[in-house]
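Visitor: Sequence:
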Amino acid sequence: MPYRQLKEKTLEFLYRNTHFTKNELEALFAMYKRLVTSAQNAAPTSVIGQPVAKIDGIDQNTFRDVMHNTFDLVTEDVVLDRVWFTWERGVNGGEGALKFEAWARGLSVLLRGTDEEKMVHCFAVYDLNGDGYITKDEMFTLLKNSLLKQPGDEDPDEGVRDLVELVLRKMDIDKDGKLSFEDYKQAVEQEPLLLEAFGQCLPSKRHAAAFLKTITNK
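If you use the numbering used here, the sequence shown corresponds to residues 1 to 218, in order.
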């Protein structure tokens, strides 16, 4: 890491822009350093005789492990990949590893986010190509593994397409055949259970509370 302690400037910025206290941010920084160091120590130092640079940040495999093991986000790979992409892309401009600011701000939304922040997060995850809409094709991709396929089904995807149409009827407020953020927001405000309609991308309240307890007691 470029510095051993969290810089006061960074601490102040994150204190103002997340839902964490300064003590919690210090605890998150200590956890971040442990995760990065552990991944660096486990990584090969060379490949085919060529030295490999150490990744200065949380890599995608470490991120997946934390989401699975700490927050029980046992979700579709496409959803977990999008959670990773929106975090590191949104705060770091597309760098290949999560820096601490991205880590803290992402966890802030997952653990203590406002309703609006959680809606923005989930919508960004489901908007697979980042064009501002959740299209029928994206819904199909997100939902295709949610239904059990029955033996002998002539068209196993028919049930998924029916589910997509059902979701559209429920959530497509302006009836243009795709979901804008405003469609999604209005639908979720009317029925909060639709927040994670296309796959889990937030931890349960129980797992969030358990994690917060570990950093609050530091």
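Treat the hints loosely; a few may be bogus.
Computed list of lysine-lysine pairs in DSSO-like fashion (alpha-carbon distance at most 30 Å, straight line) [as the list claims (entries may be wrong)]: (1) K178 <-> K99; (2) K7 <-> K118; (3) K185 <-> K170; (4) K9 <-> K144; (5) K7 <-> K54; (6) K22 <-> K136; (7) K9 <-> K22; (8) K175 <-> K213; (9) K185 <-> K136; (10) K144 <-> K175; (11) K9 <-> K33; (12) K205 <-> K175.
The hints are simulated quantities; they were obtained by calculation from the structure and are not laboratory data. The structure presented is a predicted model; accordingly, all values stated were derived computationally and were not measured.
Visitor: So which of those numbered hints doesn't the model satisfy?
Guide: Numbers 1, 4, 6, 8, 12 - these are the hints that the structure violates, sorted from lowest upward.
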